[in-house]
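2 protein chains.
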Amino acid sequence: MLKATVYVTIKQGVLDPQGVAVQGALHSMGFQEVESLRIGKYMELSLNTDDRAEAERQIKQMCEKLLANTVVEDYRYELEG
Amino acid sequence: MLKATVYVTIKQGVLDPQGVAVQGALHSMGFQEVESLRIGKYMELSLNTDDRAEAERQIKQMCEKLLANTVVEDYRYELEG
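Protein chains in written order, with UniProt numbering: chain A, 1 to 81; chain B, 1 to 81.
Treat the hints as calculated values from the structure; they're not laboratory data. All residues carry an ideal CB built from backbone N, CA and C; glycine is no exception. Please note that a few of the clues may not be correct.
Estimated spans, in silico, between C-beta atoms of each pair [what the hints assert, rightly or not]: (1) Q32(A) with S28(B): 45 to 55 Å; (2) R57(B) with N48(A): 35 to 45 Å; (3) T70(B) with D51(A): 35 to 45 Å; (4) Q32(A) with Q32(B): 46 to 56 Å; (5) D51(B) with L66(A): 36 to 46 Å; (6) K3(B) with V14(A): 17 to 27 Å; (7) V14(B) with N48(A): 34 to 44 Å; (8) N48(A) with R52(B): 38 to 48 Å.
Construct the complete structure from the given sequences, taking the supplied hints into account.
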């Protein structure tokens, strides 16, 4: 059993409307020191395999095909266990 | 300027319908080895301060008040720079 963590973030230069909205909300709540805020996704997966190389290949495929929209998002992942 | 990373995850025991849906989609795409998948949020903030203790206090407040719903979500954060 391997545990994988996948981070999907919006590419630099692409507008993040959710982040802008949350930053605006924080400002209006008095947190003026927030200069920028970007929101991404964080996924924890358990994989029923012990083959690290195979798991890595699968995760890359999952990210490319479903988990991230590679036109506007970047992804990175960590494998443990 | 400090950089903070905030992770918001759904509490253990609370149903994650988004994770269940994505796991189902991965299964139907042939990724049968995915045993579980949980989705959380990942936020990168720039804070216009150099006072680590103050920044930490602010981030905790932001999480409690806006960024996480502490009834069903956990949060953790890292500060750097």
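Hint-by-hint comparison with the structure:
1. Q32(A) with S28(B): 45 to 55 Å: Once the Cβ atoms are compared, 47 Å apart, the range 45 to 55 Å for S28(B) and Q32(A) holds.
2. R57(B) with N48(A): 35 to 45 Å: For R57(B) and N48(A) the Cβ distance comes to about 42 Å; the hint holds.
3. T70(B) with D51(A): 35 to 45 Å: 38 Å, holds
4. Q32(A) with Q32(B): 46 to 56 Å: 50 Å, holds
5. D51(B) with L66(A): 36 to 46 Å: Between D51(B) and L66(A), where Cβ atoms are some 42 Å apart, the hint holds.
6. K3(B) with V14(A): 17 to 27 Å: At 19 Å between Cβs, range holds.
7. V14(B) with N48(A): 34 to 44 Å: Hint violated: Cβ distance 23 Å, outside 34 to 44 Å.
8. N48(A) with R52(B): 38 to 48 Å: Taking Cβ atoms as reference, N48(A) and R52(B) lie about 41 Å apart, which means the hint holds.
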